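J.: Take a look at the letters that make up each chain.
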Amino acid sequence: MTQSTKAPLDEAIAILLTPGGLDAAALDTGLDHAMGAGIDYADLYFQRSWHESWVLEDGEVKDASYNIDGGVGVRALVGEKTGFAYSNQITAGALADTGRTASGIARSGSRLASQPVQAGGAPLRYAGIDPLSGLSAEDKIALLKQADRIAREADPCVSQVTASLTGVHEVVLVRASDGTLAADIRPLVRFNVSVIAAKNGRRERGSAGGGGRYAMARLRDENVAERYAKEAVRQALVNLEALDAPAGQMPVVLGSGWPGILLHEAVGHGLEGDFNRKQSSAFAGRMGQRVASPGVTVVDDATLADRRGSMTIDDEGTPGAYTPLIEDGILVGYMQDKLNARLMNMAPTGNARRESFAHMPMPRMTNTYMLAGQDDPEDIIKSVKRGLYAVSFGGGQVDITSGKFVFSASEAYMIEDGRITAPVKGATLIGNGPEAMSRVSMIGHDMALDTGIGVCGKEGQGVPVGVGQPTLKLDELTVGGTQS
Amino acid sequence: MTQAFDAAAQQTLLESRVAAALEQARTLGADACEVGASVDQGTGINVRMGEVESVELSRDQGIAVTVYVGKRKGSASSSDAGEASIRAVVEKAIDIARYTGEDPYARLADAELMATEFPDLKVHHPWSLATDEAIELALACENAGREVEGIANSDGAGLSTGEGVRVYGNSHGFLAGQRGSRHSLSCMLIARDEQGMQRDYDYSSERDPAKLSSPETIGRSAAERTLRRLGARRPETGRLPVLFAPELASGLVGHFLNAIAGGALYREASFLCDSLGKPLFPDWFTLQEKPREIGGMASSSFDSDGVYTRDNIFVDSGRIASYMLSAYSARRLNMTTTGNAGGARNLRIKAPLTAQADLLAQMGRGVLVTELMGQGVNGVTGDYSRGAAGFWVENGKIQYPIEEFTVAGNLTTMFANLMGVGDDIDTRGSVHTGSWLIDDMTIAGS
Chain U
1 MTQSTKAPLD EAIAILLTPG GLDAAALDTG LDHAMGAGID YADLYFQRSW
51 HESWVLEDGE VKDASYNIDG GVGVRALVGE KTGFAYSNQI TAGALADTGR
101 TASGIARSGS RLASQPVQAG GAPLRYAGID PLSGLSAEDK IALLKQADRI
151 AREADPCVSQ VTASLTGVHE VVLVRASDGT LAADIRPLVR FNVSVIAAKN
201 GRRERGSAGG GGRYAMARLR DENVAERYAK EAVRQALVNL EALDAPAGQM
251 PVVLGSGWPG ILLHEAVGHG LEGDFNRKQS SAFAGRMGQR VASPGVTVVD
301 DATLADRRGS MTIDDEGTPG AYTPLIEDGI LVGYMQDKLN ARLMNMAPTG
351 NARRESFAHM PMPRMTNTYM LAGQDDPEDI IKSVKRGLYA VSFGGGQVDI
401 TSGKFVFSAS EAYMIEDGRI TAPVKGATLI GNGPEAMSRV SMIGHDMALD
451 TGIGVCGKEG QGVPVGVGQP TLKLDELTVG GTQS
Chain S
1 MTQAFDAAAQ QTLLESRVAA ALEQARTLGA DACEVGASVD QGTGINVRMG
51 EVESVELSRD QGIAVTVYVG KRKGSASSSD AGEASIRAVV EKAIDIARYT
101 GEDPYARLAD AELMATEFPD LKVHHPWSLA TDEAIELALA CENAGREVEG
151 IANSDGAGLS TGEGVRVYGN SHGFLAGQRG SRHSLSCMLI ARDEQGMQRD
201 YDYSSERDPA KLSSPETIGR SAAERTLRRL GARRPETGRL PVLFAPELAS
251 GLVGHFLNAI AGGALYREAS FLCDSLGKPL FPDWFTLQEK PREIGGMASS
301 SFDSDGVYTR DNIFVDSGRI ASYMLSAYSA RRLNMTTTGN AGGARNLRIK
351 APLTAQADLL AQMGRGVLVT ELMGQGVNGV TGDYSRGAAG FWVENGKIQY
401 PIEEFTVAGN LTTMFANLMG VGDDIDTRGS VHTGSWLIDD MTIAGS
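First to last, the sequence lines map onto chains U and S.
When we follow my numbering, the leftmost residue of the first sequence carries the number 1, and every step to the right adds one.
When we follow my numbering, the leftmost residue of the second sequence carries the number 1, and every step to the right adds one.
Isolated chain U (complex conformation):
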């Protein structure tokens, strides 16, 4: 899909501006309000989103909801300072009020004119469609009921099944004083199944899900109801047999795909431009230095077709990009928005993201993954005398200043004498980002992306992200089980 963004722009203007009596010329008037005395950059971010959610419980879709959100966020910058205001009305009056409020951040200085719109375009990374409209309500309910039936038939231990189908249709338009005018239509769908299985007085949960930036109909076509129902049941049954996890330092092998949240936590956040400009990241000042084992190459990639973390343009209108972060173990790049890129004399990398018009943008990850290596995953397992093999995870967190990160396994096994043996209960793994990346000793050839379930939180703002990696061996990581 390599068309210009002309079509999304026309559609965005029709959806966002026309209802409030505005047209493309009103954008310039709006910018004039925000480009008050002393302001050196301003942008207007228009957004409207339709969110739909269907939830099945006890075999019935008893709960469904629909949310409509929208408005305009106006930002005015002077040096390192940001003034920000927003309104849920997209009208000339709201643009004047928010523009004047945001530009109040500068007290004096000359008035700069904003640049006329510069022709630009970005290759589409997903189809600009309304993902909610492809399936009828009956079809959506049938998909959820199918997941319920398959999960219950899969094993008599399954006592509860919850399934959900959600979709967001989002339209954004950005006009900035640097000449930017860009729009994006962003579909996002997700299907999820969670089960409780009970046996011999024990109860465990298993869950699976996925999605991306495409139509809901594709979820049906890809048979996700069956796939995720079976996967959730499988995981719950494994956990019913799980022993207490070990405690202490040991070799850890991480499965391919979703365990890539290791990279998101251990590396990704620490390479966001804002933390490096402020010198608050454990990676600050280490550009060009070795921060990981040879062979480790990590990228942030907004350009992958239809992925959950992909973006045709970021929330400042910069085209989404492929940004190498670590190449063969050497730190080569940060993720930047316009503000931090300018202050660090670097180029924006298309990583400016915001939860909504009511939030300020900042440098964020998109799809962050490690490229494949040479090792056979079986050889990686065989190389471990006693360690942990973790294949699925819950959430993670990082302290970017000390570099300490955690992530919690939701499915893991012991490795004994080179063989995968008993399943063990979920345990939190803890390490130090730069140290852990230097302990990567084997990299599989089986690079995989996750199924499309990630949400990243930063300063209270949540955005959808993707992760991925091949099977990896870390020679030593601390496993937080209970068996010392």
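Check each hint, because a few of them may be wrong.
Said to hold, decoys possible - For the chain U half of the interface with chain S, some residues (derived, Cβ under 10 Å), not all of them:
hint	residue
1	E52
2	V61
3	N67
4	G70
5	K81
6	Q89
7	I105
8	S108
9	L112
10	R203
11	A245
12	Y322
13	S356
14	D475
15	G480
Just so you know, these hints were derived from the structure itself, not from any lab.
Just so we're clear, the structure is a prediction, and the values are computed from it rather than from any experiment.
Backbone N, C-alpha and C fix where the C-beta goes; we use that ideal spot for every residue, glycine too.
With chain U fixed as given, assemble chain S onto it according to the hints.
T.: The following block gives chain S in isolation, referenced to the frame of chain U:
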């Protein structure tokens, strides 16, 4: 910069819109309906390294409608609480109710349970603060911290102030509003030694701005908390008692509350299913809810079903005395609502309180945890494993900072092994508690 916010006028406006939405739902054929609406307005200031970093003015509104048509339910919501938007939201909710399956439990809470008294809970204290004054406070806070020797860098200081109104009405004829305010001041600092960097923070958060800690107190405390982390070592793996700092002990109360919440119980997604009346904590421990406490962080005279709130005792002398239920989850469990739709409000612990120094002495050798990381709590099994940082304790005294370790156990055992509660009570959130000393947890480190 101060935006005008007339809370009384906003409440009247929202009440009239909620009433109109209820009437519209009735006209369109809904058998019952409930509507929640809110407006919040605030200002946020961030400063860093002695300079203003951002000034943000926020104004959020929202409306959420749930309709019942027969035994079917539909919900819709919008960030726009204007008249046209509300009409669209009601129509969408009714449209959805055409497709959802029948649920014999789906209906409003019983009419006789609706709150009828709405005392002034003194939770609305507007703060008319000019932008420059707000900046001065944040700068004073950060400066006090940066002046402390050893502080090398700053993540900044922030002041936020906000107030709002929420209104709830349903087709029983219930319609009520609640105004509230929240103000906070925070500071996060960075220190460095040859080993690397450490950061930590402190904050104050109050409904009444007059009760906020002084900027200097917060800044200096953030500096002290940051500096004491320098030179951290890794503890050895082993089984040890753990003292959880007050702000973390309130999280343990939160895990307990999640496990006795009706929604988790009827979905069998709790390690405390069928636990009513059973002992869980030591017999000297009682946990109460005071939803109508004057000035409380979470005070309200009605819950999000419109049901009157009442004092609940969730743990009585160590035993689970009550679940935490909404009208719906209560019906699912064949019980009566406890007025907890929307969650718990103002949790208070009744137990003998001990000075932190005495808890450390009682612990002897163990770990004081001051930070937890990650989401390693399994609500279904009670399994607990989280990343941590804190201090090594030997002979009842803090020895040195420690980091990069995990604390693990199972919540059922952890609650039974509660050895003492500190008198160092953190009052900043909805849960007020001091430190918790818990025996016999697994520490995984070097």
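J.: Does each hint fit the structure? Answer for all of them.
T.: Status of the hints after comparison with the structure:
no., hint, verdict
1, E52, "holds, 9 Å"
2, V61, "holds, 5 Å"
3, N67, "holds, 5 Å"
4, G70, "holds, 7 Å"
5, K81, "holds, 5 Å"
6, Q89, "holds, 8 Å"
7, I105, "holds, 5 Å"
8, S108, "violated, 14 Å"
9, L112, "violated, 20 Å"
10, R203, "holds, 6 Å"
11, A245, "holds, 7 Å"
12, Y322, "violated, 30 Å"
13, S356, "holds, 9 Å"
14, D475, "violated, 14 Å"
15, G480, "holds, 3 Å"
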